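Engineer: Given chain D, work out where chain F should sit, using these hints.
So the chains spell out like this:
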Amino acid sequence: MAVAAEAVVEAQLIEHRRGFAKRWYRTPSFVAGVTILGLIVLAAIAAPLITTHGPTSQDLLNTLQGPSGKHWLGTDDLGRDVWSRLVYGARTDLKVAFLAVLFPFTIGTLIGLVAGYYGGWVDTITNWLVNVVVAFPFYVLIIALVFALGSGTRNIYIAITIVGWVSYARIIRGEVLVAKRRDYVLAAKSGGLSDARIIFRHLLPNVVTQAIVFACSDIVLDILAIVTLGYLGLGVQPPNPDWGRMIADGQTFLTTHWELSTVPGIAVVVTALGLSLLADGLADLLRPE
Amino acid sequence: MNLGGYVLRRLLQLVPITLGVTILVFFLIHLVPGDPAATILGNQATPARIALLHHQWGLDRPIWVQYGKFMGRVVHGNLGDSLFYGVSSGHLVLQRLPVTLWLIGFGTLLSVLIAVPLAAIAATNRDRIPDHVVRAVPLVGLGFPPFWVGIVLLLVFGLHVGRAFPVGGYGNGFVGHLHSMFLPALTVAFGIAPILIRSLRASLLEVLESEYVTTARAKGLPESRVLVRHALRNAVVSTVTVLGVNIGYLVGGTLVIEQVYALPGIGQLMINSIFQRDFPVVQAVTLVFSIMVVLVYLLSDVVHALLDPRVRFD
Chain D
1 MAVAAEAVVE AQLIEHRRGF AKRWYRTPSF VAGVTILGLI VLAAIAAPLI
51 TTHGPTSQDL LNTLQGPSGK HWLGTDDLGR DVWSRLVYGA RTDLKVAFLA
101 VLFPFTIGTL IGLVAGYYGG WVDTITNWLV NVVVAFPFYV LIIALVFALG
151 SGTRNIYIAI TIVGWVSYAR IIRGEVLVAK RRDYVLAAKS GGLSDARIIF
201 RHLLPNVVTQ AIVFACSDIV LDILAIVTLG YLGLGVQPPN PDWGRMIADG
251 QTFLTTHWEL STVPGIAVVV TALGLSLLAD GLADLLRPE
Chain F
1 MNLGGYVLRR LLQLVPITLG VTILVFFLIH LVPGDPAATI LGNQATPARI
51 ALLHHQWGLD RPIWVQYGKF MGRVVHGNLG DSLFYGVSSG HLVLQRLPVT
101 LWLIGFGTLL SVLIAVPLAA IAATNRDRIP DHVVRAVPLV GLGFPPFWVG
151 IVLLLVFGLH VGRAFPVGGY GNGFVGHLHS MFLPALTVAF GIAPILIRSL
201 RASLLEVLES EYVTTARAKG LPESRVLVRH ALRNAVVSTV TVLGVNIGYL
251 VGGTLVIEQV YALPGIGQLM INSIFQRDFP VVQAVTLVFS IMVVLVYLLS
301 DVVHALLDPR VRFD
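If you read the protein sequences in the order shown, they are chains D and F.
Per the working numbering, numbering of the first sequence is gapless, rising by one per residue and ending at 289.
Per the working numbering, numbering of the second sequence is gapless, rising by one per residue and ending at 314.
One chain only, chain D, in its complex shape:
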């Protein structure tokens, strides 16, 4: 009985994957998102090959230069090459954003699974915690946490995890509440499978889709948060290149060198657009027909 239930789940999953393979290239937003993001990730990986200068090497004799053959996007107030900093900035910010979404995704999913499956006091406490965290404005809590913990990448992960897990827990909990009344779960239960096996083998593959889709749009929020922290001087610490810090540094020269602040901002917007398109496409593709 239990084995049969597992076979059904397996079959559904394969069906899902086949559908995905058949349809992904016919979903324009997915293709556009993958293309934009792919190019940015590729540039970030190939940073040493496509940049002309080190991201932190200063040239104090050539500060605030306009674009030229030597410096494609000009130089900043310390004579650093803007193009090189932009590309290396993609490396920093993308890496931090991807890792920053991984922890809340994992922790939130686990908590949501347990709260939804067992209900009772576990669920009550989870709900209370979720409501408490949600009562804080996103940026206020992140900034307060980074202040208390100290700036730096590790503490950004911790702060984003403390704030971010609630969305995943809420999504997964809702899905589990519906799914646990379905036949395949009831069958697995009456087959005498352990709770752990039911949760991870049967429930998880069926409820995780929504969390994955949300994670894609959550990365957009995280990138914005990381860049914002950088702008406020609380994020990735100098001399590591970061788009937020670049925007902040350029703001001083807004009247004379407006491009110093606008170019890194455009990089953020394009990256976020790629991720949003990807999330939209994924939502379309993974939606059960």
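To be clear, the hints were calculated from the coordinates, so they are not data collected in a lab.
This one's a predicted model, so the numbers in the text were calculated from it and none came from an experiment.
Take the hints with a grain of salt, since some may be wrong.
[Claimed, not checked] Label-pair distances were calculated between CB atoms; the ranges are:
| id | chain 1 | residue 1 | chain 2 | residue 2 | range |
| --- | --- | --- | --- | --- | --- |
| 1 | F | Arg49 | D | Arg181 | 58 to 66 Å |
| 2 | F | Phe275 | D | Lys189 | 29 to 37 Å |
| 3 | D | Ser190 | F | Leu307 | 40 to 48 Å |
| 4 | F | Ala45 | D | Arg181 | 56 to 64 Å |
| 5 | F | Met71 | D | Ser57 | 50 to 58 Å |
| 6 | F | Pro62 | D | Gly150 | 31 to 39 Å |
| 7 | F | Pro62 | D | Arg181 | 43 to 51 Å |
| 8 | F | Gly5 | D | Arg154 | 46 to 54 Å |
| 9 | D | Trp24 | F | Leu59 | 55 to 63 Å |
| 10 | F | Gly42 | D | Ile50 | 38 to 46 Å |
| 11 | F | His54 | D | Ile50 | 48 to 56 Å |
| 12 | D | Ile50 | F | Leu307 | 51 to 59 Å |
| 13 | F | Ile23 | D | Ser57 | 20 to 28 Å |
[As the list claims (entries may be wrong)] Examples of chain F residues toward chain D, derived with CB under 10 Å:
| id | residue |
| --- | --- |
| 14 | Val25 |
| 15 | Val140 |
| 16 | Pro146 |
| 17 | Ala218 |
| 18 | Val256 |
| 19 | Val282 |
| 20 | Val294 |
We treat Cβ as the ideally placed atom computed from N, Cα and C, and that holds for glycine.
Structural biologist: Just chain F now, kept in the frame of chain D:
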């Protein structure tokens, strides 16, 4: 159930949440690595000052006693003295609160003024070019870092295009505030309008297909009246909820926007206090911000109940 009873029930539900908020704000100090008093005082740490802080915050007592002390102070409106200014943090917050409230109110108003017409255009032209254009707005708009939008608006409208708006400050008098706060409020609106457009368009589409809209059209009412009186009024209900749910994001965004435009609100107070390592003020602002959000949740529930009497009976 009457409205008063509903509001009372919602208020009671908010009590445990507010209690949780105070616990989290209280625990902020225990997240500080090492000895919080020494870390917070930084290079101004003398044994005497450290001992004073330990005593003030009761750091040498058991944790529940500390929380009890903290709550005792909070319910009396005493959020601790600022380490930098030497006056009560509550006083500092109250002084700057009007600026932030102005920014939030004005920003919300502008976002509604942007979102409602755009959503109406999209919904009435479903799957045609205007709809596609409007649907692209949330997709692109949500990826704009709020502070960067602020800088670009400053660059365009503050420094060029006739220097129509001041580049910073709060202005004097109602008209002065309106003028000075326009760009900051527009920046706030940019952050929240995409979310509103998305939800309002979706609910408008749903409402436009309902039977009472067909009835209204069959009665021969002009399309504009059908849209405004019948469709929008009902579609707006869910949007109020969406606005309420996202108010946390909106309120948090003001923190950074105040920084860009040098507005003397509580967001700027928080950032400045962070760099002055003024822990009590950071704690106070965090608490006030979250209580503001909790109150907005309540407000949006009440507005929802007023617009849609059914929710009172759930």
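Engineer: Interface hint check: Val282/F, Cβ to nearest Cβ on chain D, cutoff 10 Å. Holds or violated?
Structural biologist: 6 Å, holds
Engineer: Does the Cβ pair His54/F, Ile50/D satisfy 48 to 56 Å?
Structural biologist: 54 Å, holds
Engineer: Quick check on a hinted range of 51 to 59 Å for Ile50/D and Leu307/F, using CB atoms only.
Structural biologist: This hint holds: roughly 55 Å between Cβ atoms.
Engineer: Starting from the range 29 to 37 Å, see whether the pair Phe275/F and Lys189/D falls in it by beta-carbon distance.
Structural biologist: 56 Å, violated
Engineer: Was the hint right that Val294/F lines chain D, CB cutoff 10 Å?
Structural biologist: Check passed: Cβ of Val294/F comes within 5 Å of chain D, closer than 10 Å.
Engineer: Once the shortest beta carbon distance from Val25/F to chain D is found, is it less than 10 Å?
Structural biologist: 8 Å, holds
Engineer: Using the Cβ atoms, figure out if Gly42/F sits within 38 to 46 Å of Ile50/D.
Structural biologist: 42 Å, holds
Engineer: Given a hint of 31 to 39 Å, does the C-beta separation of Pro62/F and Gly150/D actually sit inside it?
Structural biologist: 26 Å, violated
Engineer: Answer holds if the nearest beta-carbon of chain D is closer than 10 Å to that of Pro146/F; otherwise answer violated.
Structural biologist: 8 Å, holds
Engineer: Taking the beta carbons of Pro62/F and Arg181/D, is their distance inside 43 to 51 Å?
Structural biologist: 45 Å, holds
Engineer: Honestly, do Gly5/F and Arg154/D meet the 46 to 54 Å range at C-beta?
Structural biologist: 49 Å, holds
Engineer: Indicate whether the distance between the beta carbons of Trp24/D and Leu59/F respects the range 55 to 63 Å.
Structural biologist: 56 Å, holds
Violated hints for the displayed structure, listed by number in ascending order: 2, 6, 13 and 17.
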